[in-house]
Each structure stands twice: as structure tokens, then as C-alpha cells.
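One letter stands for each residue in the lines below.
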Amino acid sequence: MSMPTTIPQPVERENYLNKEYGVWSWLLTTDHKRIALLYLVSITFFFFVGGFFALLMRLELLTPAGDLVQADTYNKLFTMHGMIMVFFFLIPSIPAVLGNFLVPLMVGARDLAFPRINLLSWYLYIIGGVMMMHCMLTGGVDTGWTFYAPFSTNFTNTKIVEAGLAIFVAGFSSILTGLNFVVTIHRMRAPGMTWSRLPLFIWAHYATSIIQLLGTPVIAVTIVLVAAERALHLGIFDPKLGGDPVLFQHLFWFYSHPAVYIMILPAMGVVTEIIACFSRKRIFGYSFVAFSSIAIAVFGFLVWAHHMFVAGISIYSALVFSFLSYAVAVPSAIKVFNWTATLYKGSIHYDAPMLYAFGFLGLFTMGGLTGLFLAALGINVHVTDTYFIVAHFHYIMVGGAVMGYLGGMHFWWPKISGRLYPEGWARLAALIVFIGFNLTFFPQFLLGYMGMPRRYYDYSHMPEFQVLNVLSTAGATVLGVGYLLPMVYFLWSMRYGKPASDNPWNAAGLEWKTASPPPTFNFDEEPVVTWEAYNYEELDAPHKREVPVAR
Amino acid sequence: MLNNFPLWPEQASTMAGHVDALYIFLLIVTGMMTLLIFTCLIFFAARFRHRPGVRAEQIEGSIPLEITWSVIPFIVFMVIFVWGAAVYFKERTPPSGAAEVYVVAKQWMWKLEHAEGQREINELHVPVGRDVKMIMTSQDVIHSFFVPAFRMKQDVLPGRYTVAWFRATKPGVYHLFCAEYCGTQHSGMVGSVVVMQPAQYEAWMNGGSTGPLSATGEKLFAELGCSTCHRADAQGRGPNLQGVFGKPVQLEDGRTVTADENYVRECILDPGGKRVKGFQPIMPTFQGLVSEEQLNALVAYIKSISADNSGAVGKTIKATAGTAAPSVQIQSSTQPKAQTNAQPNGSQVQ
Amino acid sequence: MPDSTLVGLHHEEQHHPELLHHFAEPQQQRDAASLGMWVFLATEVMFFGGLFCAYLIYRRWYFGDFGAASKTLNATLGATNTAVLICSSLTVVLAVWAAKTARRTLLLVSLGITLLLGLAFLGIKGVEYKDKFVEHHVPGASFSFDKVPLPGHPGQYANPRHAQIFFSLYFIMTGLHALHMIIGLGLFLWLLIMAWKGRFTPEYNTPVEIGGLYWHFVDIIWIYLFPLLYLIDRHP
Amino acid sequence: MSEHSKSSPLKMYFGIWITLLLCTYITYKAAFVELGQYNAAVALGIATLKATLVALFFMHVWHASEKLTKLVVIVALFFLLLLLGLSMSDYATRLWS
Ligand code: HEA
Ligand code: HEA
Ligand code: CUA
Ligand SMILES: [Cu+2]
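Residue numbers (my numbering), protein chains in the order written: chain Y, 1 to 551; chain V, 1 to 350; chain S, 1 to 236; chain Z, 1 to 97.
Derived from the structure by calculation, the hints contain no laboratory data. Some hints could be false.
Derived pair list, reagent style EDC-like, types lysine to aspartate or glutamate, alpha-carbon separation capped at 20 Å [stated by the list, open to error]: (1) K132/S x D233/S; (2) K106/V x D72/Y; (3) K70/Z x E209/S; (4) K71/S x E34/Z; (5) K345/Y x E57/V; (6) K67/Z x E209/S; (7) K240/Y x E66/V; (8) K345/Y x E66/V; (9) K240/Y x D140/V; (10) K274/V x D233/S; (11) K240/Y x E292/V; (12) K147/S x D270/V; (13) K70/Z x E44/S.
Construct the complete structure from the given sequences, taking the supplied hints into account.
Spelled out as C-alpha cells, the structure:
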């Protein structure tokens, strides 16, 4: 945890990194920027844990027979992979790291509205994470990340209650982050920073916060019900006692569908900033992009039962949910078209963040369009619970959200660390990730339509699935390398990277108007905003980049 | 044509064509969309790459464009939605007169029982060209009955029946998967559906049976004492069950429900829940006293005594041979031969 | 729980009663705190919303059994508890007013009575729980609900399994409500101590105000729990 | 919150309090009267009335607070109704055929 404190600071200017040293100055900090770094370290840890499980799964699936791990182990692997990646990596990733760092900077505030709650939120996350790790090391859980009853309540003998509690606690961390953002965006904007001047990153986080606030409590209480049913033998979901296991699915997806927009909306916000900066343009259709974020957040709550089309719900209800699923796709379409239109007549630079943004555009579009397949009732019946689903959501979550996250990390790295990352390596990594990604997950679409069910550790009855699985596993290793690279050169650049100027990209946005890294209270004097967002006509192209290309 | 394409699942049911048609339509539409977007991206990226001295042109946005690219996708979405819904309703409404197979799923096997009484494990034999309706329930957790070649999938829930149907079009052996995660051996809960020519099927059928399921049910009906109350002469303390199935039933609380499989099941397990108008609530609950298989037999029996004058009710495969699939002829005696070696779970192999 | 963190926030405020470093002016700070509380209450609505959802579905399915089970609750105690909470809401609103108008005695007395009423609520709830325990109406191995007549259907008995669902929901819903009460009591005890020390002034009383919001919210939840759980099918 | 109403609000507070107690009494009594399906409607109607009174007057949504507070309340209720309504839509139509 004390890792970032070891960065030597050749720049004498006092900033949030060099103001104080020592473990406690980090663990008890209320500075949103330091908390963001605490989150960065912790979610990176969980990402690699989750990724490690993914690699083990892919290795198991290399051959049809179940030869590397036992069935039990495999079931725990995908469960822990799903839970960790969703609840401990992707949901906190952009909001808690980049959002935490940037929301106050972008709205021109000195900190988030409730700095202590912000710190508490990190501690809750860590408590949840430690419980999750403990649960994992002492046996794990084997229900899949979806916890379906009655398997989870009455049949499995793994540590459901503990895992549930871990997610419950992490959920509160997420709620508190959302609460802080909403209040900050409403109450802490700098003079002149009207709603229509907010960066779209802020709009995206505002929409995300709505979901965090209104969705998360429902999964919290659902987990309480599962834990109570399990521990106290109550009858709520157990059909033997007259309960309805499908009710569990309703409650679970009421959160977990909107949760997928918690994962994608912030990435959309990041990509919007990057596209504007690297095509040196105001974003096309600002207000449409802004309101489509809100629309996604609201409509996102209306579609949850599209995960339950074959679960035994009423077919009329299925009809409604299918229709609504298409309604939520419209605002996503609006965003994609506006991003594309922004490039038109731009002056486009191909720095690493932009490469990631391009990757995001392509992969999110593909993932989203396959979502349309799933929302079509007739097709869903065939492909649900197959690898088609696995491919769909990895395209959006890994291809979309993680790409967006990496793009954002590169874009704001100079601001966060005060150093430049090595541009050449970064472009290479972006390329490797893109190639590895497609190699891993494209074959899974084919597998899925051919009928390979998900959560199978052994497909020896259907050896015809092997070729595609081998491709996928090969891709996963490439992908792993692609993810390790940024990790390495970011660390490297903290010591050896060239010092960054305050605004190395010549980007618009308040965060670039303060020092890199920013001082503890963000701005030396309170900013007063008199210009519109994305005023790129007033900004020159990035200075002849003095970014060293590592050779 | 598609069946020779190695990356395409086999088409072996009437639904497969419908699903694939929609899928191909979607592939084309989304393919075109992808192409359009990628072309724009690449073209813009190349055409408008940064050149020294050339500045970006600031464009605010355009309401007509925004409307265009919200409304057109929405219209396309609606086409997909309606088409998808149409296919789904076909998938979800079993045709009347389908042959019936009772499925009991448990960790980690499929137990299947034909209305004629054949029992199988992890293997289902059906004739080509016949509508088959699966009446499914689970003994423990949620499973899902998935036959990719039929493009058919339905979750199987504990505590109630779910229904699915198919009509096989091509003889062969097809994968049967459990698609809903159900515990350790989820991936071992696989089997096959054997689609046979009618004549072969007939031979297989005669291979062994304990008699039709409804006969088992009839026996149970007497053994469990149902017949003491439910008598055929309307003299019993309970309603006469003849002709009840498939008909609307007037309930005590004023509602009217259709007597389907789930209704009968509920009547047996939870007689207090939906009470028939005009009767005393004296029927005891059989919860815990009958197994899922026995329940199926009872349901099949109650169905069979309603079958004579109602075309809407499922019949045994033989009884429907003429009506459901005129193109297929099956000659057989109406009574399957009773076999002595009928183990309850011996799966039958040709 | 977030509630305790709001407490943390107040700590900060005491050390610099005027203003926290990152706010521009006291009004901004007050507005932020109040908005924060309201937003938090919105999440609480959804938290209980999941329970209400489950409750409504089962109540619709098993109306008779739920009615029978509901009849075994003590509606008089339930009504008394409702009245107790309503009285405490009055004292809370008085406390807020007293803090704003610098009426120290009224503030202390109101906070004190609120605490007492809260305790009384929990006490009565405890009595009810005890009764349920004695009657074997607590779900689990010793649960028994044999031969309980169905309301409105002479000669018929409720299905014990469905009644058990009612009691499961009853205990979870009232239990979580009671947990909120306990947190509220802690909050108000702290407010009482601060008020005793004279921390609250007409300029600075946000903690009393947002503590009050929380208390009223918990009251509203009970206002719904009472008819839903106790009064399903009471008439003879 | 910065309410500067000149007259003391005490009268109103006590008035609301009495109303709430009365309502409680009425629900309690009404539950024992046979009203058929209206029993539930009456009970929930009164509960909603009470909750509204508490929110509007004790929590000051009516008077002092600004639009944003009202918005938060409305949004919370809206999403609650979505949860209840859309899940009921499944249960209410399961038996259709
Ligand atoms: C970040 C995560 C994320 C996102 C954003 C989405 C977005 C969407 N998802 Fe996805 N989804 C998941 C993550 C995500 N999903 C996960 C994790 C699961 C599985 C969970 C599990 O079971 O474990 C899942 C499962 C899932 C299912 C259930 C499958 C099943 O189990 O049976 C469905 C069904 O409708 C679905 C649909 C959609 C749709 C319609 C969208 C839409 O929002 C997509 C909208 C975007 C576009 C449509 C692309 C851009 C639009 C255009 C370019 C317009 C032009 C197009 C035309 C004119 C055709 N998803
Ligand atoms: C944010 C979410 C997220 C992310 C980022 C990922 C990332 C990946 N996922 Fe995951 N996945 C899910 C969310 C996610 N997944 C979910 C929700 C499920 C469903 C679970 C369920 O069914 O319940 C799932 C399920 C799932 C399956 C299906 C399992 C099954 O149904 O049987 C597979 C199979 O290929 C898979 C693969 C991968 C791969 C290869 C990656 C790769 O992108 C990972 C790449 C990263 C690395 C490879 C790490 C690099 C690290 C190293 C190289 C270091 C090596 C290790 C040490 C130092 C110890 N995932
Ligand atoms: Cu049975 Cu999976
Ligand atoms: Cu979804």
C-alpha cells in the first residue's frame, strides 16, 4: 500500500503525492486523489486474481476432458472469477479510481462532499475484499456469480453466507461512492460550472451513481434473504416450502442488470473525453450524449427479466421485457453514432489513449449488437446459458469497459503521477490487448451458437467443440501479456518516466488547469468557469510530444 | 445446406429453421451496421488524421441527424422484436395433441418417462415427425433442458411443471445438455436425444414397458385412496375427475382456472390452495407422500380419463399417430406389451 | 453503516464548527449534508423495497394463509407501537425546531423522550417476539402452525408451510426495521450528548436535522409494516 | 431547511401528530370491519396518507425544502414502483394462456 510513497519527486512543487509521507498519511487520508490511488492498487490486485482464475479456466478447457482441475474446483473458479471481476474489479474500477480522482477536479471542487465517507467507502471495499479472499482461501463458493436459489440456499455446502456478506459490504462501499458523487456534482460545482458545461465524464458518473444508489440496496437485501434462508432455514425461495425460486432471480437481476450499466457508463464517459481531446473537437451532440447517459440509467432498470426468458416467467411478461431491452439499446446507439460523428472533420491523433478508445468503439459495438440477439426472444431460447452469452458480456465488459478503463488510465496518467508513460510500449500493449481479446472471445460466439453450454468444465461428450476452445485459450494468454505490459511500464514510469507538464495533451477540462500532480486542495485558487466544455477551438494541438519511445 | 457448414449446429427440428432464419437476419442487419460504423471510423480516422496546420472544424451537432439515428435503429429494433416474439410464441405453445414425455431432473441426471410407460435415463427416443411435449419438473435445484439441434431450451424447476415441445425432423442422435448450472456434476448432466424412423421407433417402443404411465397412475389412484373420494359416479366426497382436465374449473373464491398439469399437481400437493367450488375442504395433502414420478403418473392418469372427448388434451404417442402427424404411419396394437423385466430406470438402447 | 459515517462527518464539524476545509460557505455544507441524507434515504427505500416486493407476491399467492398467520399477531401491540413511533416523530420534530430556535431545555427534553419512546418500541417488539417464540411461530425446526383456522372459511386450516413464509418475512422485515431503530437510538444518544454539551446553535444544527430525517423515515417504514403485517384479514 | 416562517410551526406539528394518531386508530378499527377486498385498500390508503403527512410536514418536504429534495423523493418512489410493478407483471400473467 505504501508503494506510491516511494516515488521520488524531482519536481519541488508541493502536490498531493509528496505533501506527506508514511503509511498513515495514506491509510488515514481523506484526499480524494490519494483514496483513488488506494483503490487503484486494490482493484489491480483483484483484477489479477480474477484474471488468474480465468487463465486456469481457459487451461482446463484446452482439452475436452476434465483433466486439469476437478469439477468442484472449476465451479469455484468461475464463481470466484465472476464475483471478483464484477464486484471487486469492474464495478469499482472507473468510478472509484478515475471518478474519485477526477470528479472533484472536473467540477472545480476542493474535494468530494464527504471525504471521510469516501475513505470509509474504501475501507468497506477492503473489508469486503478481505472477506472474499478469506472465503476463497478457505473453500470458496460454487454457485456461479448469480447465486441462484434453491441451489445456493438449500443445496451447496460452500460458504455462501460469507461470500454474500462480502458482496453486501462491498455494495455499501459502492453506494457511498455514488452518494458522494451525486452530492458533489449537485453541490460543489465551481462558480460558472453549469450543468451544460460539465464534461460528459461527469454526466456519465452522475448516471452511474443513480444506479449505484437505487439498485445496490436491492441486491443487499436479496443477499440478506439468501443468508437468512440458509442460516436460519426460513422459507422464502425454497419451493419445498412453497417459495418461488424465480423470485430470487427477479430480485437478483433487478440489481444485476442495471449493474452492467454501472460498468459501462463510466467507460463511455472516459471514451467521450478521449475522443474529444484526440480529435481536437467539441463532442458532437453534447446534450444527446449527456441525456443518453441518464436514459440508459433509467431504462436500465426496466429490462432485468431478459435474463429469465426461459426461467419460467410468464410469456407475456417476457414480451414486455424484450421490448424494453430494445428501448435501452437506443441511447447506446445514439452514443455510438455521436462518437463516430465527432471524428468527422477532426484532427485526429493516434496516441495510446485514442487507440484504446478505438478499441472500445469497435468492441462495445460488437458486444452491444450481440445483446440485440439475446434480447430477441426467439434467439434467446437457443443461446441463453451458452458461450454466446459469455462472449457477449466479455465483449462489453472486457472489450468495452476494461478498454475504456485502460484508455482512461493512460490519458490521465500524467495528471495522476506527474510522469509520462512510454508511448511506444503503450501503443504496442493496446494492439496486443485488442488482438488477444478478439482471439479469446470471438470463437466463443461460434461455440455458443453451436450449443456449448456455459459453466461446463468437461466437454468430452462433445469433442467437436475443441478447436474453438483451443483458439480461445491461446487468445487468453496473449490477452494476459497485454494486461501485464501496462502494469509494468506504469510502474516503470513512476521512477523513470519523463516529468509531465500540466497539460501534456493540451486538453480541455478543469483537471488540466491545475498542476500535474495536483496540489492537495486541487486548485491554488478557486476556478471560475466562463467557457463551454470541450472548447478545443481555443486550444492548440498537443505540443510536439516529448514522449520518449522506449527502445 | 447449412448442415454441412462445420461451424453451424445441426437443424433437426421444425423450430430450428425459424430460429436460424431470425439469426441470419440479425447477422445481416448487425453485420451491415458494424460495417457502416467501422467504415466510418476507419475512413474518418484516415481522412481526418492530424496534419500540421489543419485545424479541426468545430461542429455543434445536428438535431435531424440525432433523430434519424435514434428513430431508424428503433424501427429496426422493433422488427427484430416482433419477429423474435413470434418465434418465441411458437416455441412456447405446444400444439394440441402432442405426444407427452414426463421429465424429472435431478442432480445430475435426466429421468424421462413416456406416456406409454417407457422409462429412460439421460436418453430420449422419439420418432421423427411427431410433436412431442415435455412436461418437466425437478427434484432438487433448477436445471435446464437443452437440445441445440432442436434450438430448444427450458428451465426445469423444482416445485412446479414447465413445458416445452419440439418436432424432430431428422433421424439421428443429438446432444441433450443441462444448461442451467446445478452443482458439481452440471457438465456431466448430459445425454442424447435419439430421433428414429417411425418403424424403428415402434420396435424400440415394444422393447420394454411397465404399461402406460396412466395405468401406473390408475393403480396409484387406488392405492393412495384417491378413489375413495373421487368416484366415477359423482357419489364421492370429492369431485368426479372424469373430463376435468383441460377444462375451466370454478374455484371457491370465485376465480376460474384451467385444469392444466400444474393445477392438478397443486391440487394433490396443496389441496387448500385452490379449492373447487361446492366441495368440503377435506382432501388431505399428499406433499411428501408421493414422489415426482408418482405425481407424474397421477397427472397422466387424470389426463387420460379426460381424454376421450377432448381433443385439446395430450394423448399417448400412438393415439395421436393419425392426427398429429398424418405423414407418418405407425401400426401398432394399442396395448404395449407388458414386460416382466421392466426396471424402473433401465434406459433402453436399440 | 453509512449512518455512523454521518456521525463521523459531524465530528469534523465540531472541530471547526464554522466550516469544513473543502466547502466554500456554511450554506453549501448544510445543503450537502441534507442532500446526502435524502439520497441515502432513497437507497433505504429500495432496500426495504426488495422485501416489500417479496411480501406482496407471496401475500397474493397465499392470501388465506397469510391472513391466518397475521391473525396470530397481536394487533393491539402493533397499534400501540405505531402510536409510540408517531409520538417519537413529534418529539423529533420538536427537537429540530428547538435546535433551530435555541431552546436548550426543549431540545434536551425532546431528545430524551425520543430515546425513551424508541426504547419502548423495542421493548414492545421484544414482547411480541417472545410471544411468537412461545407459540412456536418462529420459522425453523420447531415451527408449528397446525390446525389454525383459515379466516372466512370455517372448518379449514391454513397451510403451515405458507404460514411459515409469512413468519419468515415478518421476522426479517420487523427485524431489519428494529435494526434501523437501534442505529437511530445510537444516533440520538449521540445527539443528546452533543446537545448537552451545547454544540447546537441556530447556525449549526445540521446533525439534529438530518438525524431527524432518518428517524422519520424509519417511522414511515413502520407505518406501512403495521397494516401489511398485522391487519391482513382481521375481521371476524 | 433555512425556513424562516414567522409564525411558530408548533401548532401544525401538534395538529399533524393528532391526525396521525387518529388515523392509526381508524386503521386499527377498520381492520375489524368486514369490507371485503376494500380492507386492504383502506389500510394501505391510510398508511399512505400517514406517510405523506410525515414526509411533507415532519420531514419538511412541503415547506422549507427546495425542488431537489422533492425530486429525490419522487425518484425513489418511482423506482420502488418499477420494482413492484414490473415483477408483479410476471406473477399476474403467469396463468394466462
Ligand atoms: C457492461 C456490461 C453489459 C452491457 C452494457 C450490456 C448491454 C446489453 N445487454 Fe447484456 N449482459 C451482460 C453485460 C452487459 N450487457 C452480462 C454480464 C450478461 C450475462 C450475465 C450472466 O448470465 O452471467 C448479459 C446478458 C444479457 C442478456 C441475457 C442473456 C441470457 O442469459 O439469456 C441479454 C438479453 O437480452 C442481454 C442484452 C443486452 C442488451 C440488449 C444490451 C444493450 O444495452 C446493448 C446496446 C448497444 C448496442 C445495441 C450497440 C450500439 C448500437 C448501434 C451501433 C445501433 C445500430 C444498430 C442497429 C440499427 C441494429 N445481455
Ligand atoms: C469484469 C468482468 C470480467 C473480466 C475482466 C473477465 C475477464 C476474462 N474472463 Fe470472464 N467472466 C466474467 C467476468 C469477467 N471476465 C463473468 C461475470 C463470468 C460469469 C461467471 C459465472 O458463470 O458465474 C465470466 C466467465 C468466464 C468464462 C466462462 C466460464 C464458464 O462458463 O465455464 C470464461 C471462459 O473462457 C472467462 C474467461 C475470461 C478471460 C480469458 C478473461 C481475460 O480477459 C482475463 C485476462 C487477464 C489476465 C489473463 C490476467 C493477467 C495476469 C497474469 C498473466 C498474471 C498471472 C497470474 C499470477 C501472477 C498469479 N470468463
Ligand atoms: Cu442440471 Cu445443470
Ligand atoms: Cu441484462
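Here's how the hints hold up against the structure:
| no. | hint | verdict |
| --- | --- | --- |
| 1 | K132/S x D233/S | holds (19 Å) |
| 2 | K106/V x D72/Y | holds (18 Å) |
| 3 | K70/Z x E209/S | holds (17 Å) |
| 4 | K71/S x E34/Z | holds (14 Å) |
| 5 | K345/Y x E57/V | holds (6 Å) |
| 6 | K67/Z x E209/S | holds (18 Å) |
| 7 | K240/Y x E66/V | violated (53 Å) |
| 8 | K345/Y x E66/V | holds (18 Å) |
| 9 | K240/Y x D140/V | holds (9 Å) |
| 10 | K274/V x D233/S | holds (18 Å) |
| 11 | K240/Y x E292/V | holds (12 Å) |
| 12 | K147/S x D270/V | holds (15 Å) |
| 13 | K70/Z x E44/S | holds (16 Å) |
Of the numbered hints given earlier, the model fails hint 7 alone.
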